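J.: The listed protein sequences correspond, in order, to chains A and B. Everything in the first sequence is counted per the numbering used here, starting at 6 for the first residue and increasing by one. Everything in the second sequence is counted per the numbering used here, starting at 157 for the first residue and increasing by one.
Warning: the hint list may mix true and false statements.
Reference excerpt, derived from the structure (chain B facing chain A, CB under 10 Å, subset only) [claimed, not checked]: (1) G168; (2) M190; (3) R243; (4) Q291; (5) I294; (6) D337; (7) S345; (8) L347; (9) K348; (10) T401; (11) A405.
Dumping the calculated DSBU-like pairs for lysine-lysine here, alpha-carbon to alpha-carbon at most 30 Å [said to hold, decoys possible]: (12) B:K293 to A:K277; (13) B:K416 to A:K277; (14) B:K223 to A:K277; (15) A:K332 to B:K415; (16) A:K165 to B:K325; (17) B:K348 to A:K277; (18) A:K332 to B:K325; (19) B:K392 to A:K134; (20) B:K205 to A:K277; (21) B:K407 to A:K146; (22) B:K158 to A:K332; (23) A:K228 to B:K223; (24) B:K416 to A:K228; (25) A:K146 to B:K415; (26) B:K207 to A:K277; (27) A:K277 to B:K305; (28) B:K336 to A:K228; (29) B:K392 to A:K146; (30) B:K415 to A:K253; (31) B:K325 to A:K228; (32) A:K251 to B:K158; (33) A:K277 to B:K325; (34) B:K350 to A:K165; (35) A:K408 to A:K395.
No lab work stands behind these hints, which were simulated from the structure alone. Computed from a predicted structure; not experimentally measured. Note that CB positions come from ideal geometry on N, CA and C, so glycine has one too.
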Amino acid sequence: MKPYKQVDEKDLNNIAEFIDRDRLLWAKEVNEEYSHDELSAGQYYPDIVARVVSTEEVAKLMRYASQNNIAITPRGAGTGLVGASVAIEHGIMLDTTLMNHFLELDEQNLTLTLEPGVLLMELADYVEKRGYFYPPDPGEKSATIGGNISTNAGGMRAVKFGVTRDYIRGLEIVLADGTVMTVGGKAVKNSSGYDLKDVIIGSEGTLAVITKAILKLLPLPQKTVSLLVPFPTLAQAIGAVPPIIKSKAIPTAIEFMEREVIIDAEEYLGRKFPDNQADAYLLLKFDGNTLEEIASYYDGVAQICLEQGAADILIADTEERAEAIWKARGAFLEAIKSSTTMMDEVDVVVPRSMVNDFVEYIHDLQKEIGVRIKCFGHAGDGNLHAYILKDQLNDEQWQKVLKATMEKMYTKARSLKGNVSGEHGIGYAKKEYLKESMPDKAIAIMQGIKQVFDPLNILNPHKVCQD
Amino acid sequence: MKILVCIKQVPGTNKVEVDEKTGVLKRNGADSKMNPYDLYALETGVRLKEKYGGTVSVITMGPPQAKAVLYEAFSMGADEGALITDRKFGGADVLATSRTLSQGIKRFGDFDIILCGLQTTDGDTAQVGPEVAEQLKIPSVCNVQRIEKVEKDNIIVDMDMPQDIERIKIYFPCLLTVQKDIYQPRLPSYLKQKETSKKDIDVFTFSDMEDQDENKYGLNGSPTHVQRIFPPVSDKVQQHWQGTTEELAVKIYETLKEKKFIA
Chain A
6 MKPYKQVDEK
16 DLNNIAEFID
26 RDRLLWAKEV
36 NEEYSHDELS
46 AGQYYPDIVA
56 RVVSTEEVAK
66 LMRYASQNNI
76 AITPRGAGTG
86 LVGASVAIEH
96 GIMLDTTLMN
106 HFLELDEQNL
116 TLTLEPGVLL
126 MELADYVEKR
136 GYFYPPDPGE
146 KSATIGGNIS
156 TNAGGMRAVK
166 FGVTRDYIRG
176 LEIVLADGTV
186 MTVGGKAVKN
196 SSGYDLKDVI
206 IGSEGTLAVI
216 TKAILKLLPL
226 PQKTVSLLVP
236 FPTLAQAIGA
246 VPPIIKSKAI
256 PTAIEFMERE
266 VIIDAEEYLG
276 RKFPDNQADA
286 YLLLKFDGNT
296 LEEIASYYDG
306 VAQICLEQGA
316 ADILIADTEE
326 RAEAIWKARG
336 AFLEAIKSST
346 TMMDEVDVVV
356 PRSMVNDFVE
366 YIHDLQKEIG
376 VRIKCFGHAG
386 DGNLHAYILK
396 DQLNDEQWQK
406 VLKATMEKMY
416 TKARSLKGNV
426 SGEHGIGYAK
436 KEYLKESMPD
446 KAIAIMQGIK
456 QVFDPLNILN
466 PHKVCQD
Chain B
157 MKILVCIKQV
167 PGTNKVEVDE
177 KTGVLKRNGA
187 DSKMNPYDLY
197 ALETGVRLKE
207 KYGGTVSVIT
217 MGPPQAKAVL
227 YEAFSMGADE
237 GALITDRKFG
247 GADVLATSRT
257 LSQGIKRFGD
267 FDIILCGLQT
277 TDGDTAQVGP
287 EVAEQLKIPS
297 VCNVQRIEKV
307 EKDNIIVDMD
317 MPQDIERIKI
327 YFPCLLTVQK
337 DIYQPRLPSY
347 LKQKETSKKD
357 IDVFTFSDME
367 DQDENKYGLN
377 GSPTHVQRIF
387 PPVSDKVQQH
397 WQGTTEELAV
407 KIYETLKEKK
417 FIA
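Here chain A stands alone, though its shape is the one from the complex:
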């Protein structure tokens, strides 16, 4: 493969012909934040950052990059955890955060068309003010919708509502050669050939750049109630989930959390959690039109929890009460991060009935390897977030411990019929584990798809399925 061209001053001037110079960051103007994402180790500075504002600019930039063999890395808010938006080959970084406009709320088709740089928190605020609901609810609210689509982000409401993919009706994309194309649309059904929209979702910026998205919305549920359920042990807490699911109750979320992560969150937020009686908790959320209707849904669930050993069921039925819990839940990642020197994560998803096995395995692994691992996650959909903490290890010890721990965890997940990533994606950091977890043929098909979309391989190289 021909080496990529580094961006030089001549390229800068050429790009400045179609993108305002003040929206181009060059050499020393490239901030440190552009050299990494939220978690992945290693720093790679792009030669140039282009803060695009329109599809036309994206198309021209892509055309320029493909004509000049320059690697191009799309990036939203940079909140990823697997290095997908890190410019391994330097080159051009295409920053979409200025493409952050709401374009059309279509109330007859219940769709919202918007640009990729809109933040998740802005999106929730926009639709909820108007009585609508965009269900995917990843913890990182300052992520962009473009990033969420690119990783097929899941979040806490997946138990009832599914994931990002389920709410994407259509996309406007720009291919590596600068071709602008719309895949999908406002129509509800589509049996017209291979669904290219679904190929783009979760492709982590390796196949095309998303410049517009048409989201499907739902009417906003009038009320929500969260239940915080204290259990004597984590095994009992997680053990209650299969009977809850089996009872046909449909909470929007079922999360599990342990006391020590809650303490980290209390310290991080400087604010007490509303309960401290137990070592482990389940957190469930229900929605409906009235509090009475919701109470009728959770009555059965409360009984199941009590039968499984819960000490009580605590009811968060107002905004203030729910906020006291969910704010802590939302801060877990940052709280754990601030409790150690460095960390890396595993975002495996296993069948819901296997969550307990996996969590117990992690507990044992801590002792076996001699490293702290903190864990929380979505008990309701089997997606676990386990964080391996560096603490006082030196770099060499850390790399060794990390590799051993990761390998063991992914091997265990495979044996439980799980997947490498539930919602964070593969990016750069997890591709070896993806390869190990899939048949060669499946990886070859993925590489074939990449080849068709991006024959010159300029778009986000070395990610997902590529070496």
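Mind docking chain B on chain A? Use the hints.
T.: Here is chain B on its own, set in the frame of chain A:
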């Protein structure tokens, strides 16, 4: 130790309708909840009971549906509840409310400590607590941010003053209004809710009051009248800055200094 917590049912959202003629909140149909500040008072009461023993009673004044907040308090650890309700009490201002509450409290029993939230989210005056103490002729401390300790006949508390903190010993019976965040309020318990859902509560009407002068209650007994109630206008201002880390750090520092957030 006998503890009483005064609680109030307030609108659940800020989308509240107001009666044009009387300036009084229309409560029917609106979502309601316990005044968030009262949760801190209730939590303080339940913690004192857990640590020093005794009972926690709750009292509220409002229309019949306000008893919902009494049951909510039971599910958070309160033992007994009383509702003060009568059409004659409607439209009361701060003065009439504190008179009515103090009459109801006298009827309800003798208490060592009466706890109130600092203020309500609908009235926002922060005056009812101390005025109740005045009516009951007992000492009061406002803005309590910490309980130091409880002794046989007194309690030692920290009062938050604008410039400093004053530590005060106050003898029973007394009234305290507590600040937000004195303790993180506990969540209602499902088990307690089931256990107390049919619990009897005391209901006091005008005829139960010691003072039978109708002109001291409700609109008649209110020297102040509300002209207009409206949700506050949000004055959140956002600014977006760009620049290097160094430039932004300086800008943030200068702005915080200019706005007097830092000295």
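J.: Answer holds if the nearest beta-carbon of chain A is closer than 10 Å to that of L347 of chain B; otherwise answer violated.
T.: With Cβ-Cβ at 5 Å, under 10 Å, it holds.
J.: Does K325 of chain B sit within 30 Å of K277 of chain A, going by the straight-line distance between their CA atoms?
T.: holds (27 Å)
J.: Assess, step by step, whether the Cα of K165 of chain A is no farther than 30 Å from the Cα of K325 of chain B, and give holds or violated.
T.: violated (54 Å)
J.: Starting from K350 of chain B, check that the Cα of K165 of chain A is at most 30 Å away, please.
T.: holds (27 Å)
J.: Can M190 of chain B be said to touch chain A, with a Cβ gap under 10 Å?
T.: It holds, given that the least Cβ distance between M190 of chain B and chain A is near 8 Å, below 10 Å.
J.: Holds or violated: K223 of chain B with K277 of chain A, Cα cutoff 30 Å?
T.: holds (29 Å)
J.: K392 of chain B and K146 of chain A: Cα distance at most 30 Å?
T.: Holds - the C-alpha atoms of K146 of chain A and K392 of chain B are around 20 Å apart, at most 30 Å.
J.: Below or equal to 30 Å on CA atoms is what counts here, so check K416 of chain B against K228 of chain A.
T.: Judged against 30 Å, a Cα distance of about 40 Å means the pair is violated.
J.: Is K416 of chain B close enough to K277 of chain A, meaning Cα to Cα at most 30 Å?
T.: holds (28 Å)
J.: Run the distance test for K293 of chain B versus K277 of chain A: straight-line Cα separation, threshold 30 Å.
T.: The given pair, whose Cα atoms are some 36 Å apart, is violated under the 30 Å limit.
J.: Are the Cα atoms of K251 of chain A and K158 of chain B separated by 30 Å or less?
T.: violated (47 Å)
J.: Going straight from one Cα to the other, do K158 of chain B and K332 of chain A come out at no more than 30 Å?
T.: violated (35 Å)
The structure shown violates the earlier hints numbered 3, 4, 5, 11, 12, 16, 18, 22, 24, 30, 31, 32.
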